[in-house]
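A.B. asks: Each chain, letter by letter, is given below.
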Amino acid sequence: GAVVSQHPSRVICKSGTSVKIECRSLDFQATTMFWYRQFPKQSLMLMATSNEGSKATYEQGVEKDKFLINHASLTLSTLTVTSAHPEDSSFYICSASGQGIQPQHFGDGTRLSIL
Amino acid sequence: GDSVTQMEGPVTLSEEAFLTINCTYTATGYPSLFWYVQYPGEGLQLLLKATKADDKGSNKGFEATYRKETTSFHLEKGSVQVSDSAVYFCALNRDDKIIFGKGTRLHILP
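If you're matching them up, the sequences are chains A and B in order. Just so we're aligned, residue 7 is where the first sequence starts under my numbering, counting upward by one. Just so we're aligned, residue 549 is where the second sequence starts under my numbering, counting upward by one.
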């Protein structure tokens, strides 16, 4: 139980494109979802925390206009990387927590490559 | 602020060797402590956890004990396998946020 699905697993696109990544909780209600970024051979850096129905809370140094987060339902959160550039290339991972679901459960990640 | 420090890798061992990956933490109060594993190209999987002092988490032959007096949560396994090759992250939970260590890459040679 407590499965978190992330889609797509990999995306390659041209510079200037906006890319949307979905994170779904398949068998529980995710009251809180988290978005992380991981650079090669480094740890996960929390980008933002989102609670269903409210605005996301971004960590210091993360551009909220660049990384748009929507958590419109208890099972879905999306991260949109707007006007992506090569420096946005990274591995993005979401996680979710909810009633009785602690600690967070992680998705399998999305590898984003901007050409 | 809260932080997690773990031994730098990579760690290279032969199959069936004994494994220890050190982890210490700095935090107010008594956070929950975790070890996560990340296999190549994949997301994170919770390997084990401990929620209070002296708790021992264990899974798949791995274990770690929550040591309040030394603020440590070292990961151990008695006999590693090639399939254990991965990156291991020590972490703590604070107000529903997880704070990760930098990760330790483990290579097991056949």
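Misleading hints may appear alongside valid ones.
Said to hold, decoys possible - In silico lysine-lysine, DSS-like type, Cα no more than 25 angstroms apart, as pairs: (1) B:Lys645 <-> B:Lys597; (2) A:Lys61 <-> B:Lys645; (3) B:Lys625 <-> B:Lys597; (4) B:Lys645 <-> A:Lys26; (5) A:Lys70 <-> B:Lys645; (6) B:Lys597 <-> A:Lys47; (7) B:Lys625 <-> A:Lys47; (8) A:Lys72 <-> B:Lys645; (9) A:Lys47 <-> B:Lys600; (10) A:Lys26 <-> A:Lys70; (11) B:Lys600 <-> B:Lys650; (12) B:Lys650 <-> A:Lys47.
Calculated directly from the structure, the hints in this document are not laboratory data. Quantities reported herein were computed from a predicted structural model and do not represent experimental measurements.
A.B. asks: Given the hint that lysine 650 of chain B pairs with lysine 47 of chain A, does the C-alpha gap stay at or below 25 angstroms?
C.D. replies: Holds, at roughly 9 angstroms.
A.B. asks: Does the alpha-carbon distance linking lysine 625 of chain B and lysine 47 of chain A stay inside the 25 angstroms limit?
C.D. replies: The given pair, whose Cα atoms are some 23 angstroms apart, holds under the 25 angstroms limit.
A.B. asks: Take a quick look at whether lysine 70 of chain A and lysine 645 of chain B sit within 25 angstroms of each other, Cα to Cα.
C.D. replies: holds, 19 angstroms
A.B. asks: Hinted pair, alpha-carbon criterion (25 angstroms max): lysine 645 of chain B, lysine 26 of chain A. Please report holds or violated.
C.D. replies: holds, 23 angstroms
A.B. asks: Given the hint that lysine 47 of chain A pairs with lysine 600 of chain B, does the C-alpha gap stay at or below 25 angstroms?
C.D. replies: This hinted pair is violated, its Cα atoms lying about 30 angstroms apart.
A.B. asks: Within 25 angstroms, alpha carbon to alpha carbon, are lysine 625 of chain B and lysine 597 of chain B?
C.D. replies: Holds, at roughly 15 angstroms.
A.B. asks: Is lysine 72 of chain A within 25 angstroms of lysine 645 of chain B, Cα to Cα?
C.D. replies: Holds, because 22 angstroms separates the two Cα atoms, which is no more than 25 angstroms.
A.B. asks: For the pair supplied as a hint, lysine 61 of chain A and lysine 645 of chain B, confirm whether the alpha-carbon distance does not exceed 25 angstroms.
C.D. replies: holds, 17 angstroms
A.B. asks: Just to be careful, I want the Cα atoms of lysine 645 of chain B and lysine 597 of chain B compared with a cutoff of 25 angstroms; is the pair within it?
C.D. replies: holds, 15 angstroms
A.B. asks: Holds or violated: lysine 597 of chain B with lysine 47 of chain A, Cα cutoff 25 angstroms?
C.D. replies: holds, 23 angstroms
A.B. asks: If you draw a straight line from the CA of lysine 600 of chain B to the CA of lysine 650 of chain B, is it 25 angstroms or shorter?
C.D. replies: OK: lysine 600 of chain B and lysine 650 of chain B at ~23 angstroms, within 25 angstroms.
A.B. asks: Does lysine 70 of chain A lie within 25 angstroms of lysine 26 of chain A when you go C-alpha to C-alpha?
C.D. replies: Judged against 25 angstroms, a Cα distance of about 14 angstroms means the pair holds.
The earlier numbered hint that this structure contradicts is number 9, and it is the only one.
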